[in-house]
Structure formats: structure tokens, C-alpha cells
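Q: So you can see what is in the structure, the chains are spelled out below.
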Amino acid sequence: RKEVEQDPGPFNVPEGATVAFNCTYSNSASQSFFWYRQDCRKEPKLLMSVYSSGNEDGRFTAQLNRASQYISLLIRDSKLSDSATYLCVVTRTGGSYIPTFGRGTSLIVHP
Amino acid sequence: AAGVIQSPRHLIKEKRETATLKCYRIPRHDTVYWYQQGPGQDPQFLISFYEKMQSDKGSIPDRFSAQQFSDYHSELNMSSLELGDSALYFCASSHRQGAISPLHFGNGTRLTVT
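As given, the protein sequences belong to chains Z and W, one line each in that order.
Each residue of the first sequence is one higher than the one before, counting from 1 in the numbering used here.
Each residue of the second sequence is one higher than the one before, counting from 1 in the numbering used here.
Treat the hints with care, since some could be wrong.
Claimed, not checked - Selected chain Z positions facing chain W (in silico; Cβ < 10 Å):
1) K2
2) Q38
3) L74
4) R76
5) L80
6) S96
To be verified - The following label-pair restraints were derived from C-beta to C-beta distances:
7) Z:N12 - W:H10: 42 to 48 Å
8) Z:P14 - W:Q41: 27 to 33 Å
9) W:K15 - Z:S53: 50 to 56 Å
10) W:N77 - Z:E56: 30 to 36 Å
11) W:K57 - Z:L46: 21 to 27 Å
12) W:G3 - Z:D77: 25 to 31 Å
13) Z:E5 - W:K13: 19 to 25 Å
14) W:E17 - Z:L74: 36 to 42 Å
15) W:D71 - Z:L74: 29 to 35 Å
16) Z:A67 - W:D71: 23 to 29 Å
17) Z:E3 - W:P61: 18 to 24 Å
18) W:F69 - Z:N12: 30 to 36 Å
Just so you know, these hints were derived from the structure itself, not from any lab.
C-beta: ideal position from N, C-alpha, C; glycine also.
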């Protein structure tokens, strides 16, 4: 079982829709959580960090559920430009500091 | 603000050749990571350096080695290249402050082995 798991999708949604992705992690010692966006053949770019209290940035909301060991990303009012792969990144601390990536969830927003 | 800079952007090599990938981290960061991303795959961790010392090692083949220099630059050296080494190679840097800060990625080197 992979340490960080995501539904690869693709999620195919119309413009304006609300879509949510989950990402589960297996190591309870994980302490830092991030969502990245990756466009085809480009580098991953930080979308947002995920804090225990949850956080929002415009149309994007991230949540952390430590008890169930998952993080989520909610995108409201989807735009065509949101089409990309969304990567979940989890880092343990203490001993090793290896940010581990999920496989990514593909989002396709259509007109 | 300056980001992570990688070179070259594209590299074509033949089997059994060697390749050197370079990366300049963001100066205020203290940790550098190298990742390999094959087609349709998630980035796989290869190796990391905290300041100039090797910190963690992932799925890096023995044919690969990496160095961190004092002028913020890092190199990934790859020898006896195989067709399966064809991938995107990313360098990323961050700052450790108890909990790790986000990774900032360079725009990658696309290596093609023929």
C-alpha cells in the first residue's frame, strides 16, 4: 500500500461546478501537508498548505482530518484553467524529512 | 524573487552514457531534494541534502550520485544510463523549521535516453 493515496480520476466537471478530492496517508507521524497543482510536462506548483484548522484561499478550501488520516481539497466555481493534476504531498518529521507525493488526481473542466 | 533554477531543460543521451543535472536552490533555503517523474507517475524521491550534508536517500540507483556545493548549487550525476532513466528530473528546495516548509520546484530537466 502506498504511503499517500489519491483517486487518479479523471474528474470531468462542467465550468462552475464544485469538486472535491481526498488524499489519505498511512503514517500517523505525518506533520506537514500540501496540495500542489501540476500541468502537463511542467513542474508541480504549490497550491496551498493544509493546516489543522482548515484554510481557504479564494475558491479553494483545504481540510485536514488527523483522526481519519486524510486531507481534502474543495474547488468551487470551477474554471477551465483549473484543469490540471492535483498532487497531495505529506511530510513526516523527526528522523527523516521526505515529502511524499500521491499519484495525483486529474481534473478536467469542460465548457 | 529568484526561484529554483535547473539546467539543462532538455537532455538527450545514449545508453551507457553519463549525464549531469544541475540545480541552484533558493538561497534562503537549506534543503534540496531531487525527484524523478516518469510518464503518468508521481514524483519519486531520489535523495536530499540538508545544507551540504546528505540527509535522506530514496529510490536512487547506485549508478546515480549527487553532491551539494557551498554556492547553493547541487548536481545529480547519472552514469551507465539506461532507457528506463528517461524521465523528468526535478530539483526542489525548502527550509526546515521544525515542520517542513513547502517545496519550491525548478522547472525540471527532461532526460531522454535513446
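Q: Confirm or reject each hint.
A: How the hints compare with the structure:
no., hint, result
1, K2, "holds (9 Å)"
2, Q38, "holds (9 Å)"
3, L74, "violated (19 Å)"
4, R76, "violated (23 Å)"
5, L80, "violated (23 Å)"
6, S96, "holds (5 Å)"
7, Z:N12 - W:H10: 42 to 48 Å, "violated (32 Å)"
8, Z:P14 - W:Q41: 27 to 33 Å, "holds (29 Å)"
9, W:K15 - Z:S53: 50 to 56 Å, "holds (52 Å)"
10, W:N77 - Z:E56: 30 to 36 Å, "violated (43 Å)"
11, W:K57 - Z:L46: 21 to 27 Å, "holds (24 Å)"
12, W:G3 - Z:D77: 25 to 31 Å, "holds (29 Å)"
13, Z:E5 - W:K13: 19 to 25 Å, "violated (34 Å)"
14, W:E17 - Z:L74: 36 to 42 Å, "violated (47 Å)"
15, W:D71 - Z:L74: 29 to 35 Å, "violated (43 Å)"
16, Z:A67 - W:D71: 23 to 29 Å, "violated (46 Å)"
17, Z:E3 - W:P61: 18 to 24 Å, "holds (21 Å)"
18, W:F69 - Z:N12: 30 to 36 Å, "violated (46 Å)"
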